[in-house]
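Line by line, the protein sequences are chains E and B. Note that my numbering has the first sequence beginning at 1, numbered continuously upward. Note that my numbering has the second sequence beginning at 1, numbered continuously upward.
Source of the hints: derived by calculation from the structure; they are not laboratory data. Because the structure is a prediction, the values reported are computed rather than measured. Where is the CB? At the ideal position from N, CA and C, for every residue including glycine. Please note that a few of the clues may not be correct.
[As the list claims (entries may be wrong)] Derived DSSO-like pairs: lysine-lysine, alpha-carbon spacing no greater than 30 angstroms straight-line:
(1) E/K15 / B/K94
(2) B/K94 / E/K12
(3) B/K2 / E/K11
(4) E/K183 / B/K2
[As the list claims (entries may be wrong)] Across the chosen pairs, the derived CB separations fall in these ranges:
(5) E/K15 / B/A96: 53 to 63 angstroms
(6) E/K11 / B/E155: 28 to 38 angstroms
(7) B/R6 / E/L242: 34 to 44 angstroms
(8) B/F180 / E/S181: 38 to 48 angstroms
(9) E/T238 / B/N44: 39 to 49 angstroms
(10) E/D146 / B/S71: 40 to 50 angstroms
(11) E/K290 / B/N44: 32 to 42 angstroms
(12) E/K15 / B/L103: 23 to 33 angstroms
(13) E/L64 / B/V75: 36 to 46 angstroms
(14) E/K141 / B/H275: 29 to 39 angstroms
[To be verified] Covered stretches of chain B (in silico footprint by chain E; criterion: 3 or more residues with CB under 8 angstroms from a CB of chain E, positions within the stretch not fixed):
(15) 63–72
(16) 106–112
(17) 234–245
(18) 262–275
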Amino acid sequence: MENIHSIERAKKIEKALLPLLAAAGMFTLLVTAGIIFTLSQETWQFFKTVPIIDFLFGTKWEPLMEPKSFGVLPLVSGTLLISIGAGVFAIPSGVMIGVFLTEYAHERIRRMVKPILEILAGIPTIVYGYFALTFVTPLLKTVMPDIEVFNALSGAMVVGIMILPMVASLVDDALLALPQSLKHGAYALGATPYEVIVGVVIPASFGRIMAAFILAISRAVGETMAVTMAAGSNPQLTFNPLNSIQTMTSYIVQVALGDTPAGGIEYLTSYAVAFLLFAMTFVLNWIGHKIMQQGRK
Amino acid sequence: MKARMRHERMFQMLCALSTVVGIIFLFVLLYHIFQAGWNFLNLNFFTNFQSRFPIKSGMKAGIYGSLWMISITAVVAIPLGIASAIFLEEYARKNAFWRLVELNISNLAGVPSIVYGLLGLSLFVRTFGFGQSVLSGALTMALLVLPVVIVSSRESLRAVPLNLREAAFALGAAKYQVIFGQILPVALPGILTGIILSIGRAFGEAAPLIIVGALSYVSFVPENLKSEFTVMPIQIYNWAGRPQEEFHQLAATGIIVLLLILLSLNFVAIMIRDHYQKRFRL
Numbered sequence: 001m002e003n004i005h006s007i008e009r010a011k012k013i014e015k016a017l018l019p020l021l022a023a024a025g026m027f028t029l030l031v032t033a034g035i036i037f038t039l040s041q042e043t044w045q046f047f048k049t050v051p052i053i054d055f056l057f058g059t060k061w062e063p064l065m066e067p068k069s070f071g072v073l074p075l076v077s078g079t080l081l082i083s084i085g086a087g088v089f090a091i092p093s094g095v096m097i098g099v100f101l102t103e104y105a106h107e108r109i110r111r112m113v114k115p116i117l118e119i120l121a122g123i124p125t126i127v128y129g130y131f132a133l134t135f136v137t138p139l140l141k142t143v144m145p146d147i148e149v150f151n152a153l154s155g156a157m158v159v160g161i162m163i164l165p166m167v168a169s170l171v172d173d174a175l176l177a178l179p180q181s182l183k184h185g186a187y188a189l190g191a192t193p194y195e196v197i198v199g200v201v202i203p204a205s206f207g208r209i210m211a212a213f214i215l216a217i218s219r220a221v222g223e224t225m226a227v228t229m230a231a232g233s234n235p236q237l238t239f240n241p242l243n244s245i246q247t248m249t250s251y252i253v254q255v256a257l258g259d260t261p262a263g264g265i266e267y268l269t270s271y272a273v274a275f276l277l278f279a280m281t282f283v284l285n286w287i288g289h290k291i292m293q294q295g296r297k
Numbered sequence: 001m002k003a004r005m006r007h008e009r010m011f012q013m014l015c016a017l018s019t020v021v022g023i024i025f026l027f028v029l030l031y032h033i034f035q036a037g038w039n040f041l042n043l044n045f046f047t048n049f050q051s052r053f054p055i056k057s058g059m060k061a062g063i064y065g066s067l068w069m070i071s072i073t074a075v076v077a078i079p080l081g082i083a084s085a086i087f088l089e090e091y092a093r094k095n096a097f098w099r100l101v102e103l104n105i106s107n108l109a110g111v112p113s114i115v116y117g118l119l120g121l122s123l124f125v126r127t128f129g130f131g132q133s134v135l136s137g138a139l140t141m142a143l144l145v146l147p148v149v150i151v152s153s154r155e156s157l158r159a160v161p162l163n164l165r166e167a168a169f170a171l172g173a174a175k176y177q178v179i180f181g182q183i184l185p186v187a188l189p190g191i192l193t194g195i196i197l198s199i200g201r202a203f204g205e206a207a208p209l210i211i212v213g214a215l216s217y218v219s220f221v222p223e224n225l226k227s228e229f230t231v232m233p234i235q236i237y238n239w240a241g242r243p244q245e246e247f248h249q250l251a252a253t254g255i256i257v258l259l260l261i262l263l264s265l266n267f268v269a270i271m272i273r274d275h276y277q278k279r280f281r282l
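Looking at chain E on its own, in the form it has when it is part of the complex (with noise of 0.2 angstroms):
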């Protein structure tokens, strides 16, 4: 009878569970419903005032002062300056640094590089910035004397240092997952380990490798304390690194830290800058994610 008893309580239970357990598992659909809402209703409020063709082709970005001018190409063109110069300090780098993990590295070694990367990956980018404002300009200052105060190289440098740790893991498990017949084959053949790397790894892991330098360049797009205090504010249509700029994430900061009354023009554009953001960011991911299945396959 008892026993009857605890089977009726467990599927009570059980059927009391569910509902909780799907309500949570579905939580993140809610999560991104609410991100393209608010984006999207507030960024609408924003394009009745401004025409979208001026925000998204405009070459002047100045909605703080009279005359306002809602042009984005100057964000845009510093966020790809910083992304693009952090993918050319850490893109090559990374992948030296995966190759040599998993194809040159003693085992002994592997375990003590693995933990000294994620420290790396887990320091918090306010630190990077501070890096940047305190070392890395002045280092630089001291070579080129003419660069600015604020500047996208030191800003580049350091988000290519924060990234190097994330494509050096990525390329590490690329190669990891290589077949090993693949690789004892060309050896077999009488390659040097170089050529086998080269000739054959590379080649053979090229999509994930591509899908590790696009998440890297996403998550430099999205990177926002060190570039706000390296590179500066200032909205500039430019590709000179010594230049002071403003990334889409700095100018979102500095609105924040102003006093921008809820509702406003300033308040609006913030919404729309984060709106072009996210769609940045969301297109790379989706892509880096699709060729990584691919691969996978």
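Based on the hints, put chain B in the right spot on chain E.
Just chain B now, with coordinates in the frame of chain E:
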């Protein structure tokens, strides 16, 4: 043949060199910060509020604010994340809808943190009327770390050996009994590691909290959920942005405290991982 060997050696050197340079970066960074921040690292730094005078300035407001925020974030994000992971791994049918949820989570993990800040500003600060409070900040942060908690919990649940499940089912246990009695305890170390790392991330985030309205100059500690607040990274940002050299040193001191917290969290996570890896051989 000689040329090939030369290429080989050069390439090997280059790869090793990149790794060494990466490690050197870490040490230069740490050295630079410790050297700058060492002077102000004393008891006053933990017991004083901010001040116009660097020597009297401390991080009490930031430390209390961070602890308040992290506690609320943990209370919200951990149960939600684990429950979500259990549902997706153990209960949900693996159909097109499941793949959508899956894709959505990996996507959310890649959304810039500042976007979460704007979501929090619209949703918690304005719509729900929580104001620029520690509650709004903590809920925003909970949404931000949720994907990380879910992903790591799912990975640990997936790593539990199948025979454990089968044995429990064979003994006639109900599904929830199998999950909560057998699978969850085995997966717990992995889940904990993920949680600790995501809490570390929440400690270091400044951008979304600036958007939500955390203040940068605060001379009080939070008293309840509705209190205004600041956190350690925002205080560091504030100090680093001032012109005087002493405030930069103060920022470095703040960074030392922040890094020590993060390092000890990491250390705990690694200890948990190593300890249980030996026991269960997952």
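Going down the list of hints, with the structure as the test:
no., hint, in the structure
1, E/K15 / B/K94, "holds (20 angstroms)"
2, B/K94 / E/K12, "holds (25 angstroms)"
3, B/K2 / E/K11, "violated (74 angstroms)"
4, E/K183 / B/K2, "holds (22 angstroms)"
5, E/K15 / B/A96: 53 to 63 angstroms, "violated (26 angstroms)"
6, E/K11 / B/E155: 28 to 38 angstroms, "holds (30 angstroms)"
7, B/R6 / E/L242: 34 to 44 angstroms, "holds (38 angstroms)"
8, B/F180 / E/S181: 38 to 48 angstroms, "holds (43 angstroms)"
9, E/T238 / B/N44: 39 to 49 angstroms, "holds (44 angstroms)"
10, E/D146 / B/S71: 40 to 50 angstroms, "holds (49 angstroms)"
11, E/K290 / B/N44: 32 to 42 angstroms, "violated (54 angstroms)"
12, E/K15 / B/L103: 23 to 33 angstroms, "holds (29 angstroms)"
13, E/L64 / B/V75: 36 to 46 angstroms, "holds (39 angstroms)"
14, E/K141 / B/H275: 29 to 39 angstroms, "violated (48 angstroms)"
15, 63–72, "violated (count 0)"
16, 106–112, "holds (count 6)"
17, 234–245, "holds (count 4)"
18, 262–275, "holds (count 4)"
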